[in-house]
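Undergrad: Sequence:
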Amino acid sequence: MSGRGFAGLVTLSLVVAVACSEDPLSLGSEQVPGAGTETRDVTISVSALTSWRDTTLTGFARPSTARFVYISTEAEVSSRGLVRFNVPDTIRTFVDTLPVATFEEVEFTLHFDTIRSEFTTFPVTVKLVDLGERFEPHDATWQEAAAGVPWTVPGGDLGVEIASAVLDSVSDNLLMTPAVAEDSLMKAWQRTDGGNGFALVLEGPETKLRVTQMDLRYDPILVGRSLPVPQVQFWEERAFILDPPQPPTGTALRVGGLPASRIYFEFVPPGDLGETGLAGATVSQAEIILYPLPEPELYAAERTIEARKISLLGDPFETGAKTPIGSGDRVTTTLDPARLREGEPVRLDITRLVARAVQDSLSRVRLGFRADPDAQALGYWEFGSAESPLELQPRVRIVFSSAPRFTVP
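For the sequence shown, position 125 matches number 125 in this note's numbering, and the numbering has no gaps at all.
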């Protein structure tokens, strides 16, 4: 992140509307100095602005905080889900809290996003396999179980199979019963705060699964009781690991992906556009125009991403990735991969921000652009930045009417 100042090309188109009347005092008469209405439509490459900064900040959501767990057996991308359940020592009833004597009738239920999950053919076998090392959800990668702690085998040292089930057709969920002694498994997790956790892996044809939820259902019998007390527990710690990982962000402007990326802009509207001053002008329309880069080789957005503009309360170039945001637009901008592949620009309306800036001695404009919500998709798209070739650099378009030199009484 660094400030960028440039001088370059200005593309200028001018629309002049003059209202004429025989009455010399009528509004818009050419005979009354300063009363003519002149509207200009100016498009500026950001390299022509003396004050412009743009950047991509990443880390707002990661695989451990995504809305799904991604599992893949594609030739280009391998992915495994990592999950851990923290089984309680005691269960609270309506009248008291008692320790667990035995665990009975244990089962797992996986819930799928059938719209985004993709299959080549069936059947597909889904397995829960014990991990040889304990994973840390926020730090695990294909190479490391935790920060600085490599897996014995990249992708996780897979041990005993805990459970498995066959997916014969597109389904919303899959029921899995343990292949090991249920009571022993649950008590082992109870003693070790979930143990090392387990991996969700696939066997079968190339498949991409998005698991949106996983339930652990069990019927514990409490000490001193004879009837079970059914329990449902949702996953507490989970993530997924990718091989290869998503590439780091560079000078291009990126929206989406995991870890989630956001674009930030900062600029001061120019004092003059051509021969006309912008200070004090009436701005009827303003927008930032982004030009999409070619589709990434991996992890390109496959479906539309809904994105939202946000105004900033702080300077992201000073305070970093967790800069507080202000109000966001109620209307989202749809990033359609099909149109982005064709090079269709994305236009961000900033009329209100620029109108306020030019009335306030050309104050600084700061805004962001983010997927809404973050981590809604694994894929992303990138756009040209101030470091890109001129034809891919962002542009600022302003339609305005200059302030009159004096007011007609």
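I should point out that these hints are in silico values taken from the structure, not numbers from a laboratory.
Careful, some of the hints might be misleading.
What the hints assert, rightly or not - Ranges of calculated distance between the beta carbons of each label pair, as one might list FRET restraints:
{"hint": "1", "residue 1": "Arg67", "residue 2": "Gly277", "range": "27 to 35 Å"}
{"hint": "2", "residue 1": "Thr282", "residue 2": "Val232", "range": "14 to 22 Å"}
{"hint": "3", "residue 1": "Thr97", "residue 2": "Glu306", "range": "42 to 50 Å"}
{"hint": "4", "residue 1": "Glu306", "residue 2": "Arg225", "range": "25 to 33 Å"}
{"hint": "5", "residue 1": "Gly326", "residue 2": "Thr93", "range": "18 to 26 Å"}
{"hint": "6", "residue 1": "Glu306", "residue 2": "Gln213", "range": "39 to 47 Å"}
{"hint": "7", "residue 1": "Asp41", "residue 2": "Gly326", "range": "24 to 32 Å"}
{"hint": "8", "residue 1": "Thr332", "residue 2": "Glu107", "range": "36 to 44 Å"}
{"hint": "9", "residue 1": "Asn173", "residue 2": "Pro228", "range": "35 to 43 Å"}
Claimed, not checked - In silico DSBU-like cross-links for lysine-lysine, where the CA-CA straight-line distance does not exceed 35 Å:
{"hint": "10", "residue 1": "Lys208", "residue 2": "Lys187"}
{"hint": "11", "residue 1": "Lys187", "residue 2": "Lys127"}
{"hint": "12", "residue 1": "Lys208", "residue 2": "Lys127"}
Keep in mind it's a predicted model, so treat the numbers as computed, not measured.
A virtual CB, placed ideally from N, CA and C, is assigned to each residue, including glycine.
Undergrad: Regarding Asp41 and Gly326, is the given constraint of 24 to 32 Å on their beta-carbon distance met?
TA: Once the Cβ atoms are compared, 28 Å apart, the range 24 to 32 Å for Gly326 and Asp41 holds.
Undergrad: Arg67 and Gly277, beta-carbon distance inside 27 to 35 Å?
TA: 48 Å, violated
Undergrad: In this structure, is the beta-carbon distance linking Asn173 and Pro228 contained in 35 to 43 Å?
TA: The hint (35 to 43 Å, Cβ to Cβ) is violated, given that Asn173 and Pro228 are roughly 23 Å apart.
Undergrad: Verify the CB-CB distance for Thr282 and Val232 against the hinted window 14 to 22 Å.
TA: About 60 Å separates the Cβ atoms of Thr282 and Val232, which means 14 to 22 Å is violated.
Undergrad: Hint says 36 to 44 Å; check whether the CB-CB distance for Thr332 and Glu107 agrees.
TA: Taking Cβ atoms as reference, Thr332 and Glu107 lie about 39 Å apart, which means the hint holds.
Undergrad: Thr97 and Glu306, beta-carbon distance inside 42 to 50 Å?
TA: 44 Å, holds
Undergrad: Decide if the proposed pair is consistent with the structure: Lys208 and Lys127, CA atoms, cutoff 35 Å inclusive.
TA: Between Lys208 and Lys127 the Cα gap is close to 14 Å, so the pair holds against 35 Å.
Undergrad: Would you say the C-beta atoms of Glu306 and Gln213 sit inside 39 to 47 Å of each other?
TA: Since Glu306 and Gln213 have Cβ atoms about 22 Å apart, the given range 39 to 47 Å is violated.
Undergrad: Taken at face value, is the distance from the CA of Lys187 to the CA of Lys208 at most 35 Å?
TA: 33 Å, holds
Undergrad: Taking the Cβ atom of Glu306 and the Cβ atom of Arg225, is their distance within the range 25 to 33 Å?
TA: With Cβ atoms ~50 Å apart, the hint is violated.
Undergrad: Holds or violated: Lys187 with Lys127, Cα cutoff 35 Å?
TA: It holds: about 21 Å lies between the C-alpha atoms, which stays within 35 Å.
Undergrad: Between the beta carbons of Gly326 and Thr93, is the distance compatible with 18 to 26 Å?
TA: At roughly 47 Å between Cβ atoms, Thr93 and Gly326 fall outside 18 to 26 Å, so the hint is violated.
Checked against the numbered hints above, the structure violates hints 1, 2, 4, 5, 6, 9; every other hint is satisfied.
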